[in-house]
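Peer 1: Single-letter residue listing:
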Amino acid sequence: MSIKMPEPDQAVLARRDAIVAALRAIVPGEGVIDSERELTPYESDGLTAYRQPPMVVVLPETTQQVAEILRYCHREGVKVVPRGSGTSLSGGALPLADAVLLGMGKFNRVIEIDYDDRLVVVQPGVTNLAITRAVEGEGFYYAPDPSSQIACSIGGNVAENSGGVHCLKYGLTTNNVLGVELVTIEGEVLRFGGKALDGAGMDLLGVIVGSEGLLGVVTEVTVRILPKPETARALLIGFPAVEAAGQCVADTIAAGIIPAGMEMMDRPAIHAAEAFVKVGYPLNVEALLIVELDGPAAECDHLIDEVAAIAQRNGATTLQISSDEDERLAFWAGRKAAFPAVGRLAPDYYCMDGTIPRRRLPEVLQRMEALSQQYGLGVANVFHAGDGNLHPLILYDANQPGQLDKAEAFGNDILRLCVEVGGVLTGEHGVGVEKRDLMPEMFDEIDLKQQQRVKCAFDPASLLNPGKVFPTLHRCAELGRTHVHHGQLSFPDIPRF
Amino acid sequence: MHQPQTPEDIVAILTDAAARKATVEIVGGGTRRSFGASTPDAEQLATTALSGIISYDPAELVLTVKAGTPLAELEAALAECGQAFLFEPNTAPGSTIGGVIGSGLSGSRRVSGGAVRDHLLGFEAVSGRAERFKAGGKVVKNVTGYDLSKLMCGAWGRLAVLTEVTLKVLPNPTQSLTLVWTALDDAAAWDLMGEAMRLPADVAAAAHDPQRGVTLLRIEGFGPSVGARAILLKGALARFGVPQEIAAEEGALLWRPFANAAALGQSPTIWRLSVPRKEGLGIVHALARDGGQWIADWAGGLIHHDTQSDPAMVRATVTAAGGHAMLLRAPDDVRAHVPAQHPLPQGEAALAARIRRAFDPAGLFETGRFLDQPHAD
Ligand SMILES: Cc1cc2nc3c(=O)[nH]c(=O)nc-3n(C[C@H](O)[C@H](O)[C@@H](O)COP(=O)(O)OP(=O)(O)OC[C@H]3O[C@@H](n4cnc5c(N)ncnc54)[C@H](O)[C@@H]3O)c2cc1C
Ligand SMILES: Cc1cc2nc3c(=O)[nH]c(=O)nc-3n(C[C@H](O)[C@H](O)[C@H](O)COP(=O)(O)OP(=O)(O)OC[C@H]3O[C@@H](n4cnc5c(N)ncnc54)[C@H](O)[C@@H]3O)c2cc1C
Chain A
1 MSIKMPEPDQ AVLARRDAIV AALRAIVPGE GVIDSERELT PYESDGLTAY
51 RQPPMVVVLP ETTQQVAEIL RYCHREGVKV VPRGSGTSLS GGALPLADAV
101 LLGMGKFNRV IEIDYDDRLV VVQPGVTNLA ITRAVEGEGF YYAPDPSSQI
151 ACSIGGNVAE NSGGVHCLKY GLTTNNVLGV ELVTIEGEVL RFGGKALDGA
201 GMDLLGVIVG SEGLLGVVTE VTVRILPKPE TARALLIGFP AVEAAGQCVA
251 DTIAAGIIPA GMEMMDRPAI HAAEAFVKVG YPLNVEALLI VELDGPAAEC
301 DHLIDEVAAI AQRNGATTLQ ISSDEDERLA FWAGRKAAFP AVGRLAPDYY
351 CMDGTIPRRR LPEVLQRMEA LSQQYGLGVA NVFHAGDGNL HPLILYDANQ
401 PGQLDKAEAF GNDILRLCVE VGGVLTGEHG VGVEKRDLMP EMFDEIDLKQ
451 QQRVKCAFDP ASLLNPGKVF PTLHRCAELG RTHVHHGQLS FPDIPRF
Chain B
1001 MHQPQTPEDI VAILTDAAAR KATVEIVGGG TRRSFGASTP DAEQLATTAL
1051 SGIISYDPAE LVLTVKAGTP LAELEAALAE CGQAFLFEPN TAPGSTIGGV
1101 IGSGLSGSRR VSGGAVRDHL LGFEAVSGRA ERFKAGGKVV KNVTGYDLSK
1151 LMCGAWGRLA VLTEVTLKVL PNPTQSLTLV WTALDDAAAW DLMGEAMRLP
1201 ADVAAAAHDP QRGVTLLRIE GFGPSVGARA ILLKGALARF GVPQEIAAEE
1251 GALLWRPFAN AAALGQSPTI WRLSVPRKEG LGIVHALARD GGQWIADWAG
1301 GLIHHDTQSD PAMVRATVTA AGGHAMLLRA PDDVRAHVPA QHPLPQGEAA
1351 LAARIRRAFD PAGLFETGRF LDQPHAD
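Keeping their order, the protein sequence lines are chains A and B. For the first sequence, the numbering used here gives the first residue as 1, with consecutive numbering after it. For the second sequence, the numbering used here gives the first residue as 1001, with consecutive numbering after it.
I should point out that these hints are in silico values taken from the structure, not numbers from a laboratory. It is possible that some hints are incorrect.
Simulated DEER-style distance windows between Cβ atoms [to be verified]:
| # | chain 1 | residue 1 | chain 2 | residue 2 | range |
| --- | --- | --- | --- | --- | --- |
| 1 | B | A1188 | A | K278 | 47 to 57 Å |
| 2 | A | G77 | B | A1072 | 31 to 41 Å |
| 3 | A | I111 | B | T1174 | 37 to 47 Å |
| 4 | A | A409 | B | Q1175 | 46 to 56 Å |
| 5 | A | A309 | B | E1073 | 29 to 39 Å |
| 6 | B | E1073 | A | P440 | 27 to 37 Å |
| 7 | B | E1250 | A | D437 | 55 to 65 Å |
| 8 | B | I1053 | A | R267 | 33 to 43 Å |
| 9 | A | D326 | B | Q1244 | 37 to 47 Å |
| 10 | A | A151 | B | E1080 | 44 to 54 Å |
| 11 | A | A309 | B | T1182 | 40 to 50 Å |
| 12 | A | P440 | B | K1021 | 30 to 40 Å |
| 13 | B | E1250 | A | I258 | 18 to 28 Å |
All figures in this text were calculated on a predicted structure; none of them were measured in a lab. Every residue gets a Cβ at the ideal spot worked out from N, C-alpha and C, and that includes glycine.
In isolation and in its complexed conformation, chain A is listed as follows (with noise of 0.2 Å):
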């Protein structure tokens, strides 16, 4: 709970009567909600450590609507925090006391499927699983595959650029948008990309897609779908050391095979996974490997025997293939379950999720072991291993006082350590409330001022969702100051974090 929020305008909180009676000229009926026993399911989003309830809650049902909700809350200076389904887990959809939180969750309609483009056009509501329910008949789906996929709508994905142990073969959410509407603070509708592969002029949409929901509120989307694979064929495989597993993740890229997906767990996770689903991991290891290969069967085949050998050139102890699509899911059943399973362990668990380059990954094991001694504080680590995504989990218990403050300080540590090791702050939760003050370290005065002016250019009265991403609010016109103009540009040297 160290992170501060901006502090609420007095002035808008006298008005919250006015504003409400406002917000109902616009969303008629349940469309609003002002009680605080109705707000308090708001107050945070998938990083429950930080709660918050909103000034109100608005839940509009058209594009319309957004518009003139936006327009008010410009016009009147009154702040806006987007939210589709709450499930993020930086606190992007922390709400403010002074702000009007923004539910999507209406927009909840497949506007339009075609199969002969291959995309779906949705509302931002509709849920990620949704998208491949709607089409799987068919037999597509859609890829990005965040493992809050039941529940994490599309419209947060794309605030969030989401991910999904799929990406590294498929994609970022980035890569399998094709266009949104946007409506911005000033209550324009604008429309970015479309049905066709390359969109016009600069590529605006590329830098809405993981903006947090601080450039505009996304009112559609439009994905590409891709056919189903043939098969999915699966390899779980023991590893005494991490180094050994590591290797194997190496090797196998080198070897020119981009794996559908490649997970990793270390000892802590696999026990934990184990001791909660049953599935029959290998516990006298130190790394457990997932590979899945997915095409048509006699590619799977193929590479199913070339990974294989790579393990056992590598030292692997445990290696099992799937024979069928029950234990290919057997296998997934204990990484996709990590989370709670290692929930289990303690109270309260911490998500981190930051991005190393992979050869970094046993120094990094060890000195997180070293701050997990410093900390008194266990963790547990579930890694998307072809992309050097790291997920430790910190364990702690809130009700302990200063335990929470200890699980935030070791993972800020963790991402520092990513950081200083080549990597970065986050790999898919986004920076939100969470990573905010640690900006610095991945980005100086200069690139931070960078990405501000265009967030200015989006939202020059800084009303939307502001608190979250930048650790310093600069007014815009303080950041459009042109030195240029005068012939006497300064850029003193400014260190490096």
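We have chain A already, so just place chain B with the ligands on it with the hints.
Peer 2: Here is chain B with the ligands on its own, set in the frame of chain A:
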């Protein structure tokens, strides 16, 4: 011509140019200077000296290079490790990686492997504010901060001078097979390409050339997989006839005419139309009235056309179909008044201008090439 050796030189050059109110055109290989209106007043800044690989770790799938590095040099280094850029840049000799990113155009494999935008992971640059900055990262998976890399792809030198870029690289498929159908009419070709893309055959590229009367599908990957997918495609597409099967090198020759719209030869005018795939056929029919030659790539979603039709008509036709039209090549007098890039609707255009100002407040890179109003504050 400015010839900076280091990013600091670029800072100094831009600072000085701004003081003199000069405009600056960034030149990589300079192979695409025929795009857009001519820019006689702009000072040229050549990135040639900013060249070389900074780091390349094949197992991490990541390559970091200076932005002026010739593409050919990078492709050779990647090939040595069995890797490639999956967006398949089809460039003129002398092209630089900075120019490939600056133009943002990708080749035939874009329909399966993505575009340049899908492979730029991070960069360092000098903005129009004459400030050095960076964005993104050097690992394949990263969502820290805004994805400014996307803005750099297809920015045509209007935001910043890229100095260092980090790209995602991928294994180069070991085998490649091209299936060739001949003498299909255009409607059948469109049906064939569409149906192929809907099969779980992982088609890497699909194209149609009415002049030569060929319709091509390319499949790539490991041997057993390529074989199995060829059987699947031939079976499912049997009603279009039996295709010829052409392997690797000879197959590559078949694709060459599609790169850089080479099939259209020295035509004075070339349009690049990016459209929803199934609208492509209607568009070539609509444009056929005024004659001209065309080829289709991306399963029908990309058309290069040398029509002499009224540019406003071409653009209206393409807009109505949900696509856009880029004027890749045209005589000087046409380029002087027809914008090379497809005009955006008012709201989107105003936002794009604000974004440009966010990087280049004084309009240092506004050379007039794109026929926009100058935007200096
Ligand atoms: C007619 C035509 C057909 C094409 N067809 C294809 C195709 O089929 N497939 C394909 O992949 N590509 C295609 N392209 C794009 C081509 O790949 C690129 O244009 C590339 O060859 C340019 O390389 P260059 O170094 O010569 O760029 P230049 O011509 O020097 O520059 C291209 C643009 O990038 C900017 N730029 C250059 N370097 C930098 C830098 N360091 N920082 C910021 N901006 C910079 C320039 O200002 C300019 O706007 C085509 C382009 C044209 C004009
Ligand atoms: C158990 C669990 C597992 C998870 N696994 C993964 C995983 O594997 N991979 C992964 O990447 N993430 C994962 N997540 C994180 C989370 O599910 C994703 O970030 C998801 O995309 C959030 O979607 P949401 O609809 O819940 O968005 P919310 O949490 O409601 O919002 C997230 C952000 O998006 C913004 N936003 C939402 N809708 C819109 C809109 N329409 N327009 C503009 N901005 C909007 C919000 O302002 C906020 O900043 C997991 C979360 C949980 C709880």
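Peer 1: For every hint, state whether the structure bears it out.
Peer 2: Hint-by-hint comparison with the structure:
no., hint, in the structure
1, B:A1188 x A:K278: 47 to 57 Å, "holds, 56 Å"
2, A:G77 x B:A1072: 31 to 41 Å, "violated, 55 Å"
3, A:I111 x B:T1174: 37 to 47 Å, "holds, 41 Å"
4, A:A409 x B:Q1175: 46 to 56 Å, "holds, 52 Å"
5, A:A309 x B:E1073: 29 to 39 Å, "holds, 34 Å"
6, B:E1073 x A:P440: 27 to 37 Å, "holds, 35 Å"
7, B:E1250 x A:D437: 55 to 65 Å, "holds, 58 Å"
8, B:I1053 x A:R267: 33 to 43 Å, "holds, 38 Å"
9, A:D326 x B:Q1244: 37 to 47 Å, "holds, 42 Å"
10, A:A151 x B:E1080: 44 to 54 Å, "holds, 46 Å"
11, A:A309 x B:T1182: 40 to 50 Å, "holds, 42 Å"
12, A:P440 x B:K1021: 30 to 40 Å, "holds, 35 Å"
13, B:E1250 x A:I258: 18 to 28 Å, "holds, 27 Å"
Of the numbered hints given earlier, the model fails hint 2 alone.
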